[in-house]
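**Student:** Let chain S serve as the given structure and place chain E on it in line with the hints.
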Amino acid sequence: MSEPIHPRHGSGRAGVALRHLVLFLVTAGTLMPVLWVFKMALSDTQSFQGADLSPIPPDPSLANVRAVVGTRDMDGTWLFGRQLLNSVIVSTATTLFGITLACTAAYAFSRFRFAGRRTGLFLFLVSQMFPGVMMMIPLYVIMEALHLLDTMLGLVLVYSTTSIPFSVWMLKGYFDTLPKDLEEAAVMDGASPVRTFWSIVLPLSLPAVAITALFSFMSAWNEFVLAYTFLSKQSAFTLPVIIRNYVGEHDVRWGLFAAASLIVSAPVVALFFALQRYLVGGLTAGAVK
Amino acid sequence: MVGLPQGGPRRPDSVDRTLAFGLLVLVALVPAFLFARMEVQREFLQGDRWRVRTVAGTLAAEAGGIARVPMLARALREAGPPTPSVLFLQAAGGTDEFGIAQPARLMALDPEGHPLEAPEDLRTRYQEVAGRARAALEEGQSPEACLEEGDRVICAAASQGGQGAGAVIPRSQATPPWTVPLGVLLAGCLVLAAIQARFPQRIRLGAGLVGLATGAATAGLLAQGAQRLLADLSASEATLARALAAPGLPAHQPVLGLAYLLVVALAAGALAAGLVPPLAQVLADLRDRPWLYLSIAPAMTGMVLLIFVPFFMGVYLAFLDNQGRFVGLANFLDILIPSATGETRFWFTLGVTVMWTFLNVALHVAIGLALALVLSDARLKGKAIYRVLLIVPWAVPNYITALVWKWIFNTQYGPANALLAILGLSPVDWLGRSFWTNFTANLVTNTWLGFPFMMVISLGALQSIPADLYEAAEMDGAGRWQRFRHITLPLLKPALVPAIVLGTIWTFNMFNVVYLVSGGAPDNQTNILITEAYRAFRVLKNHGLAAAYSLIIFLILAAWTAITNRVTRAAENVYE
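Chains as they are written, first to last, in the numbering used here: chain S, 1 to 289; chain E, 1 to 576.
Isolated chain S, as found in the complex:
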């Protein structure tokens, strides 16, 4: 009669069909914009006359993709390759650096009670509420004083410090859910805290570490306001900055924009899907204990 809500209850055949119908429609609606981007990228026009809803490009062509990938500067240097490399290096370094610092801090916050612990945690939380616009001018001044404008190191430092507070909270929440027995046993056997963390806690926390790393990587790979502010040399640009440039105030090249978007999104979407099975566990374990 009444259709149970819960997973482990069955629903009638009609109920399942209805669910499929709903899910199919919602999924199709969700994916449409993505398909249109594919269509725009694979057609060969800029001022795309897309007033039909079909997701299939009328005459497929790789012209836009080639134009984006083949960007060179006046000296003939392969600009796109350079910018891709910038993005890869900045995002990877941000992730490694940020996660290492966040892991050690989160472990200490989770496992030990010490003076200043609550204040420290509180500071990490508050730092998430500072509006970015307010930090932009002072950060620019600091970066200028340290001669870090137009450098990858500058971006890595800013990105990793801004992602650390979130990472610390996520990881601390996850570490809290792990039972302490294993660690205590290891300590009895004479393992140092570093060793206990490295060979017991870390392997058990892989889902949370993976998700935190994913978020760090995504935020660095996708960030464009600060990159736009700090970088002035084309050879120092990261990929988001070039996308912004394809959609200028007066000169909008939708075809190139779509092709560049696909190229920029592809790695992070792939990474996201590779790690998505950890999403549920990594995100919610801390909250639902």
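Please keep in mind that the hints were generated in silico from the structure rather than gathered at the bench.
Glycine included, each C-beta is placed from N, C-alpha and C at the ideal position.
Which chain S residues stay away from chain E? Per the calculated CB distances, all over 10 Å, these:
#, residue
1, I56
2, G81
3, L204
Here are some, though not all, of the chain S residues that point toward chain E, as calculated from beta-carbon distances under 10 Å:
#, residue
4, V16
5, A108
6, F114
7, T119
8, P131
9, M135
10, S160
11, M218
12, S265
13, A270
14, F272
15, F273
**Tutor:** Same frame as chain S, but now just chain E:
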């Protein structure tokens, strides 16, 4: 228990308390010094500008300024540094023998009067400044113009008949004497020694006191240095003004008297009294388990330097006007008090922001939760595929999403209007002159990119609800709605509430969507607070106003988080 020492914390001893007090006083001096440094820099800039303007004016004062170069060189030598790096002389172009107008000739000299090869970008910059000076002359204003650019100041003066002169001066920098870093290092080492457990208490006390004294002495040195620099500058300016018979500049006031330091230190001491016991406890703990603090220190240092320091610099900016003058609460009053001429409409924008946040979060939760409920049927085949496809919007960078939706809502060739046409409706000028269509475009975009997060959170929480609860409820005759209301919702709460708090903060500050989709159109009406703050920064170029705006946003969010924390008691769980 060696590795995981959980024993009671060591009680702070008298050395810890003394150190804590002294350190707090020293730390309280830091903002005073930063403030003083900014003041000194401003005085420097004023002096540099005066010097370069005076030099340019002297050269431009009469035709053939080159004749005055030897006199100028002597005066500059006498006055001492800073010395101009380049002098510019501009001769009127006139006409050649055929009566054709010749472009003005520009000559670059070093301060001794020898010709110089000036770099092209410097010449271009100078021409810009000289153009402004000529324009000022034509309008009957003081025929001078200056430009501060990076580490140099460029000034130009124009005189009648198309002549002019200019000078470039490297900006003065206050570099602290070598004793200052040495003092900081020494003080740091001594304080570190004072918290070493292996030293006897008397040695620790001695090291701590000497360390604190070294720190205080270093601060004094720094203050003295700044005073002397300003005094030297004033003396040099007076000499130059006399030699060139030019109007001088009022003496630079020394900003940092020792008395001022003392007042700050006393005030800091009074403040510190309340902070001493907790800091002393930290020091005692640090003595016990230094590795624990070492594991937090890198993350904490990075956060303090690149988040907290810029934040407090921003707070300071909020009390300044665009010229760097202190204006008290004027920026805040400008924002908060509605006026016909005001450049921002704070209360309207606040209303839009609240509506924006509420509608978005409500839609995210409603759609996300509904999809999670539909998906969590064990007999549903292929739900992994649906789940993967439904989180696509989360994976796509949100600025790309925003730009794509801007295209979708394009009036002429966007799919949104194509869809309306298929349904037999007339096209809508989505991003045109109507508030509601712009707002809807933003809302649709943000809903698209935001629901997967709530869906994933809900899915995770649904999985953790034990099935027997439902069975028991069903036995008791609870209907579908009752089961949802009394079992599902309460058990989802622990996961959903933090997600909603987080989602609210994200949406409240969702810069990318509003900025890139509607861009505030029409007339900045769809702007939310964060995009208005950015507009004050980028368009109105009023940094003080932008900072004040941002500070208000922060205070709203902080208040909101504090209230929700109290209501949900999430804080207790979080700190436990």
